[in-house]
Amino acid sequence: QKEVEQDPGPLSVPEGAIVSLNCTYSNSAFQYFMWYRQYSRKGPELLMYTYSSGNKEDGRFTAQVDKSSKYISLFIRDSQPSDSATYLCAMRRGGSNYKLTFGKGTLLTVNP
Amino acid sequence: DTAVSQTPKYLVTQMGNDKSIKCEQNLGHDTMYWYKQDSKKFLKIMFSYNNKELIINETVPNRFSPKSPDKAHLNLHINSLELGDSAVYFCASSQDMSTVKYFGPGTRLTVT
Chain L
19 QKEVEQDPGP LSVPEGAIVS LNCTYSNSAF QYFMWYRQYS RKGPELLMYT
69 YSSGNKEDGR FTAQVDKSSK YISLFIRDSQ PSDSATYLCA MRRGGSNYKL
119 TFGKGTLLTV NP
Chain A
4 DTAVSQTPKY LVTQMGNDKS IKCEQNLGHD TMYWYKQDSK KFLKIMFSYN
54 NKELIINETV PNRFSPKSPD KAHLNLHINS LELGDSAVYF CASSQDMSTV
104 KYFGPGTRLT VT
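Chains as they are written, first to last, in my numbering: chain L, 19 to 130; chain A, 4 to 115.
Calculated directly from the structure, the hints in this document are not laboratory data.
Honestly, I wouldn't trust all of these hints.
[Unchecked claim] Using 20 Å as the maximum straight-line C-alpha spacing, the simulated EDC-like pairs for lysine to aspartate or glutamate come out as follows:
| id | chain 1 | residue 1 | chain 2 | residue 2 |
| --- | --- | --- | --- | --- |
| 1 | A | Lys47 | L | Glu63 |
| 2 | L | Lys117 | A | Asp99 |
| 3 | A | Lys39 | L | Glu21 |
| 4 | A | Lys104 | L | Glu33 |
| 5 | A | Lys44 | L | Glu23 |
| 6 | A | Lys12 | A | Glu56 |
None of the values given here were measured: they were computed from a predicted structure.
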C-alpha cells in the first residue's frame, strides 16, 4: 500500500460546481498537510497548508483534515475554468522530518 | 520577476552523457530542493539544502550530485545519463523547511 493514495481522475465538472478532491494516507505520523495546484507544463504552486485535524478556508478553497480516518480533502466552491489543473496532495511528519510525500495528483477540468 | 528560475527548460541528450541543470531563487530563502516528476506525474524529493548544507538526500543514484555555491543557487549535475533519468526536474525553495512553497518551471530532460 502506498503511503499516500489519490485518485488520478480525470474529473470533469461544469463551471460553478463544487469540487471535492481527496487523499487517503496510511502513515499516522503525518501531521502537516498541503495541497498544490499544477498547471500543465508548469511547476506546482502551494494552495493550502494545514496542521492536524480541522478545516482551513482561503477564498473559494477549503482544506479539511480528518486524522482519525487518515483522509484529507480540498473543496473548491464556484469552480472556474481557470481552476483546470492537476491537484496534488502532500504531507509530512512532524518534528525535524521535512520530507514531503506527494499523492499522484488528480486532473481536474472545469468546463465553461 | 521570476522567483525560482531553472535553466535549461528543455534538455535532450544521449545516454552516457553528463549534464547540469541550474537553479536560482531571488526570494532570499534559506532552503532549496530538487524534485523529480516522472512520466506518471509522481513527484519525489531528491535533495534538500538549508543554508548550503545538505539536509535531505533521498536514495538517488550517486550519478546525481547537487551543488550549492551559495544560498541562492542549487545546481544538479548528472553523470552517465540513463534512459530512466528522463523526467521533469523541479527546483524549489522555501523560507524554512516546514513546507515547500515555490517551485521553478521545471526542466524537461529526455535521454535518448
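How the hints compare with the structure:
As the CA atoms of A:Lys47 and L:Glu63 are separated by approximately 15 Å, the hinted pair is consistent with the 20 Å bound. Simply put, L:Lys117 and A:Asp99 have alpha-carbon atoms about 13 Å apart, close enough for the 20 Å limit, and the pair holds. Taken as a hint, the A:Lys39 and L:Glu21 pair is honoured in the structure, with Cα atoms around 18 Å apart against an allowance of 20 Å. The suggested pairing of A:Lys104 with L:Glu33 is violated, with an alpha-carbon distance near 28 Å, which exceeds 20 Å.
As the CA atoms of A:Lys44 and L:Glu23 are separated by approximately 13 Å, the hinted pair is consistent with the 20 Å bound. As the CA atoms of A:Lys12 and A:Glu56 are separated by approximately 26 Å, the hinted pair breaks the 20 Å bound.
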